[in-house]
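Enquirer: As you go down the protein sequences, you meet chains D and R in turn.
The first sequence: position 9 = 9 (the working numbering), numbered continuously.
Positions in the second sequence are counted from 1; adding 291 to them yields the working numbering.
Don't read these hints as lab results, they were simulated from the structure.
The structure presented is a predicted model; accordingly, all values stated were derived computationally and were not measured.
Worth double-checking, as some hints may not be accurate.
Simulated restraints, written as ranges between beta carbons of each label pair [claimed, not checked]: (1) R/Ala335 with D/Asp139: 12 to 20 Å; (2) D/Gln186 with R/Tyr563: 18 to 26 Å; (3) R/Asp320 with D/Arg44: 24 to 32 Å; (4) R/Tyr563 with D/Ser278: 22 to 30 Å; (5) D/Leu18 with R/Ser325: 57 to 65 Å; (6) R/Leu333 with D/Ser146: 34 to 42 Å.
If you want the ones that stay clear, here's a sample from chain D, every Cβ over 12 Å from chain R, calculated [claimed, not checked]: (7) Ile22; (8) Asn53; (9) Thr99; (10) Pro157; (11) Ser238.
Heads up, the beta-carbon is just placed ideally off N, CA and C, and yes, glycines get one too.
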Amino acid sequence: MERLQAIDRRWIFLFIMLAVVIPLAFDLTIDEVATPEVQAIYDRIEALPPGSNVLLPFDYGPESEPELQPMADSYVRHLCRRKQKLFFMCLWPTGQAQTLKTVDQVLEQEFSDYSYGRDYVMLGFRPGGQGVIQVVVTDFRTLYQSDVEGTPIDEIPMMQNVKGLKDMDLILNISGGFPGLKEWIQFGGDRTGVPVAGGVTAVQAPLLYPYYPRQLSGIMGGLKAAAEYESLLIQGYSEAYGTETERFAAIRRMGPQTLAHLVIILFLVVGNVAYFASRGSSGERLKSLEK
Amino acid sequence: MRRQIPLLITFAVGVIMLFEAFIPHPPFDQLNESLSITFDVLAAFAFVLGGGNLAKIHLSKISRSEPGWGYSAVTMAGFFLMLAIGLFKVGGPSGIKHALEAEGSWFQAAYDYCFLPLSATTFSLLAFFVASASYRAFRAKNREATLLLIAALIILLGRTLVGTALTETLPGSLELLFGALLAYLAWEQFRSKRWISLSLIGTVAAFVLARTLYGYLILAGGGDFYLLTVPDLVNWIMVVPQLAGQRAIMIGICLGIISMSLRLILGVERSYLGSDND
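Next up, chain D with everything else stripped away, as it sits in the complex (with noise of 0.2 Å):
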């Protein structure tokens, strides 16, 4: 058992691996029922009437891609099947790259009657974090005087009607950090009472759920909250996924996450039980000693 409990790490990396590849190269995937935080989200969006504003702003960076991008990708899906009008901003440096790539790959490729400066728009990065937030409370062109392109703001058509964040109906944003949904919540929701919605990573989902559901109009904690609301948009637009999957990341992922968490389940009780069989191994070999 003491051998057991000093287990070579290369055997746990080669079952994580292997929990990782199998389920990868079979393809498996997992229906997901929807938690009430994620519905929320799905509700509030279900809930707008088509045309109205919605502010995207993508704070997170590459590593954090995997569990934030499909719901970057399933955000932009739902609001274009409801003919929302998109304004996506960030203040991660990283965050117009990552926008850039649920523009191209989605919004682009799936929704070709989507035109930008009509339908969407995309400010860019500004640097300040909360700061940002701050002053477009009031208005967006005391820091974006023009758009990533270099458009001046007062050329592209969406931007007529919009002069501050209080012109929003709905501010959704994905953070894998600071700042991020939180500062959103404290400094752009509260000030100006425009719902506040998003998805942050699993860790730090916990530090949110003191803002559910009353600052918070529904939160999506990592990539299950990810493949969940897949799983929504699959149901509630079957006549446009059926039940393709192919394009849903984070449904394909949760194969090998839940195969992970079981692999790690599995070593955490077999550590257990070979920390208690040799302490009660150890104690037995004590009292014999004391005989």
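With chain D's structure known, arrange chain R on it following the hints.
Expert: Chain R alone, transformed into the frame defined by chain D:
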């Protein structure tokens, strides 16, 4: 005088920001916006400062051939390469107006084919180390560690569909058995006159039994009993004990921030000015 002016500025700015939170009208809202813009401009300069600091540390490491200087060389090569292709917009349309991410831009190519896979790989390695560390460290050595271990196991199970599959078909009798077991434990506490344990276990037992019986008698079949299904147990852990802990931490942090802010505004806390010898 060297100290009074910064203290005065801190006091004035602090008071303006404080008033603006309660009076969002002119002139306070305008002042707040101006100060926020100033902050954003300063934040942009922080990038230059950060880059300069990074270069200073690594270049001195390389010039002195310190252990691990090779890593510094790679860092500097990556830093200057990205800086150059970003500043001069290599590959893409030139001019300050055009986006860094424009078609054909080397910067975007470097981001997509170098930075993105390297970052994702580094982050993914965490899965292996988390598995290894949890195997060694997550032991039920005492009461607190056992509680943490049980909560972690439930959350881990709940993050997979296995948790649902394992518990969604649990027979109602098992729920009743669980309630009965808790009631027996409560009875044992009563006999041993352990009143605190009795009140805790007794409350949980009463709750479990009441919910089970409610399910059977009112809803016919125990359909409303949720506590024993892993996903709902996970939800309960997240929105009750976890939330309570988070709120306590947040309130503590906020009180700390308020007290520190007041100390800064009133000039009690002066460490940010540096020492007198500077």
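Enquirer: Which hint numbers does the structure go against, in order from smallest to largest?
Expert: 4, 6, 9
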